[in-house]
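Undergrad: One line per chain: the protein sequences are A and B, in this order.
Going by this note's numbering, the residue at position 246 of the first sequence is 246; the numbering climbs one at a time, nothing skipped.
One rule links them: number in this note's numbering = place in the second sequence (from 1) + 254.
It is worth saying that the hints were derived from the structure and are not from the lab.
C-beta atoms are modelled at their ideal positions from N, C-alpha and C, and glycine is treated no differently.
Some hints could be false.
[To be verified] Under 7 Å between C-beta atoms, here's a sample of chain A residues computed to sit facing chain B:
hint	residue
1	T56
2	R86
3	R87
4	P100
5	T102
6	R113
7	I116
8	L146
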Amino acid sequence: MINGKPHIEFRDVCAFYGSKQVLRNVSFSVPRHSVIGVIGPANSGKTTMLKTINRTLDFIAGARFTGQVLVNGESVADMRNPNELRRRIGMVFPLPVGLPLTVYENVAYAPRRRGITAKTELDEIVERCLRQAVLWDEVKDRLELLGTRLSGGQQQRLTLARALSLSPEILCLDEFSIAIDPVTTMRIEDVLRVLRKSMTIVLVTNLVQQARRLADNTLFLWRGEVVELSPTDVVFSEQPKDRRTYDYVNGIFG
Amino acid sequence: MAIPTPAAPPANPFAPSEFERRKARAAARNQWIMFFFCAVLVVPLVAILVDIFAKAAPVLSLHYLWDNPVNKGKAGGLWAPLAGTFYLVIGSLLFVAPIGICAAIYLNEYAREGWLNRIISITVTSLAGVPSIVHGLFGVGAFVLVMLPAINRVVADPNDRTTRWEAGLLTASLTIAVMNLPVVITSAREALGAVPQTFREACWNLGATRWQTIRTIVLPNSFSGILTGIILVVSRAAGETAPILFTGATYFKFVADSGWEKLFPYSIGEAFMAMSMHLYIISNQISQMPDVMKFGSAAVLIGLILFINSFAIALRVWLRGRKRW
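Using the sequences provided together with the hints, build the complete structure.
TA: In structure tokens form, the structure reads like this:
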């Protein structure tokens with residue numbers, strides 16, 4: 001499976017909602033088993049970028065994209081079965097969503113839809129994912145509780161556990177830590193450092209320091225354009241390639 | 255030494271001003287006006303119910319429900335029309351529930367925003383406003399005059415008129431179903447729409463297909479609302495006369511008085527008695543009908559509909575209590 005190709009590649013991608021363009025000729029590539037941090041102010045197209053990777057942009061009326069998004073060198077637009085693609089990509093969006101099922105069934109949801117029914121196998125998946133999402137200790141005694149009854153931060157970690165339940169090869173995190181306290185966030189970041197050995201991680205974040213802590217490369221997206229993609233230490237140095245990157249990272253940006 | 259007398263209490267700094275007193279009076283007055291109109295609504299309803307049930311009291315008994323009408327309804331009970339209404343309701347639900355739910359699922363979950371979707375929505379809404387007698391005439395044209403001859407070409411012996419299906423439970427059920435379809439579709443769409451979009455998106459992101467999402471998340475969490483909508487059309491099916499007037503209901507029919515045939519008195523290709531039709535006939539079409547029989551029929555019909563509606567309300571209250579988000 002591992003070949004010389006980048007794991008994720010964007011070639012000249014433009015995305016539109018109706019007539020409004022939100023991504024402008026975005027091109028970059030992400031090597032396998034690396035962490036790419038994506039930073040940029042609101043409305044710069046970060047979430048749209050993630051939605052083109054797993055083709056959930058299809059579900060938004062009037063949305064479309066041009067150019068090519070390649071996963072393992074294969075164009076996602078040409079894939080016959082986008083659900084197969086989505087199972088390979090774990091997605092965590094900023095709003096915590098506990099499905100109206102028990103905590104256990106929340107995590108077992110995707111494996112079940114994939115035909116895994118053996119109780120022992122599901123038990124093993126649920127425990128592994130909840131541990132990886134740093135939620136296991138809080139819910140291990142109440143797995144039968146409704147996922148929607150958890151607190152916001154717990155639901156966010158439940159969302160993360162769900163995204164990990166199919167052992168995806170790519171994990172996209174969009175502001176995953178927004179509802180989570182700093183201590184737990186640090187513990188999840190530790191888990192991500194372990195997970196990156198087995199998956200490529202796209203980390204969209206407003207906390208530039210989080211990108212600095214975790215990412216190998218950092219991409220600065222602004223108004224739908226890639227301003228800069230450099231190794232993280234360059235982005236956070238005194239001399240990134242683009243002046244605007246320096247300003248944004250240091251909070252000078254208007 | 256003189257004990258100092260306590261100072262006069264200061265004027266209450268929180269005392270309402272003249273302006274505030276006026277506003278408070280207006281607020282109280284307005285509340286009474288609203289209450290009056292509410293009473294205007296409720297009083298006639300209660301008066302009608304009390305009047306009908308009081309005048310029907312002499313005949314109301316279990317025998318009145320279980321016995322068949324005698325002498326065109328001048329004596330006896332209401333079993334034949336009650337059974338007819340029961341099977342009419344069941345029959346129409348068999349058609350309206352699956353069709354309505356499937357249509358609502360398509361419109362709410364699959365259809366893309368666009369002119370076609372909008373036209374269908376407008377059609378459904380307009381259909382809900384069509385008077386029931388028009389539905390009745392549609393039923394005559396579509397089911398009695400077109401569908402029945404087609405069925406009879408297959409099932410009936412051409413030399414034996416008694417084997418032919420006539421306008422009856424099947425045609426009347428279909429007509430009632432067509433009349434209730436827009437109501438079921440609209441209420442089912444509302445129930446489906448009440449399930450947050452974020453749940454669907456979360457499932458799609460996990461690679462669940464649309465159908466898997468509908469089956470596992472959307473339907474289980476909108477089932478209660480869909481069910482309530484269906485129960486409410488039951489009362490409409492039981493109460494309407496116009497749609498069944500020409501499509502299968504008859505003013506009088508002898509049915510078995512004992513045995514299994516009493517529980518299943520009508521075949522689907524046979525005219526039947528129904529409560530609404532029966533009430534209409536005995537209240538003004540038959541001379542020397544005792545008043546108590548008219549009020550008895552009205553009381554039973556109203557009681558039936560109140561029972562169904564309160565069941566729907568109870569179900570809704572119970573299900574609201576176990577909302578899952």
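Undergrad: Quick check on the hint: I116 (chain A) CB to chain B CB, less than 7 Å?
TA: violated (13 Å)
Undergrad: Hint T56 (chain A) vs chain B: min CB-CB distance below 7 Å?
TA: holds (6 Å)
Undergrad: Holds or violated: is there a CB of chain B closer than 7 Å to the CB of R113 (chain A)?
TA: Holds, about 5 Å.
Undergrad: Double-check L146 (chain A) for me: the hint is only fine if its C-beta lies closer than 7 Å to a C-beta in chain B.
TA: Because about 6 Å separates L146 (chain A) from the closest Cβ in chain B, which is inside the 7 Å limit, the hint holds.
Undergrad: Holds or violated: the hint that T102 (chain A) contacts chain B, with Cβ atoms closer than 7 Å.
TA: violated (10 Å)
Undergrad: Verify the interface restraint on P100 (chain A): the C-beta must sit less than 7 Å from at least one C-beta of chain B.
TA: Because about 4 Å separates P100 (chain A) from the closest Cβ in chain B, which is inside the 7 Å limit, the hint holds.
Undergrad: Hint R87 (chain A) vs chain B: min CB-CB distance below 7 Å?
TA: holds (4 Å)
Undergrad: Should the hint that R86 (chain A) touches chain B count as held when the rule is a Cβ pair under 7 Å?
TA: holds (4 Å)
Hint compliance for this structure: hints 5, 7 are not met, and every other hint is.
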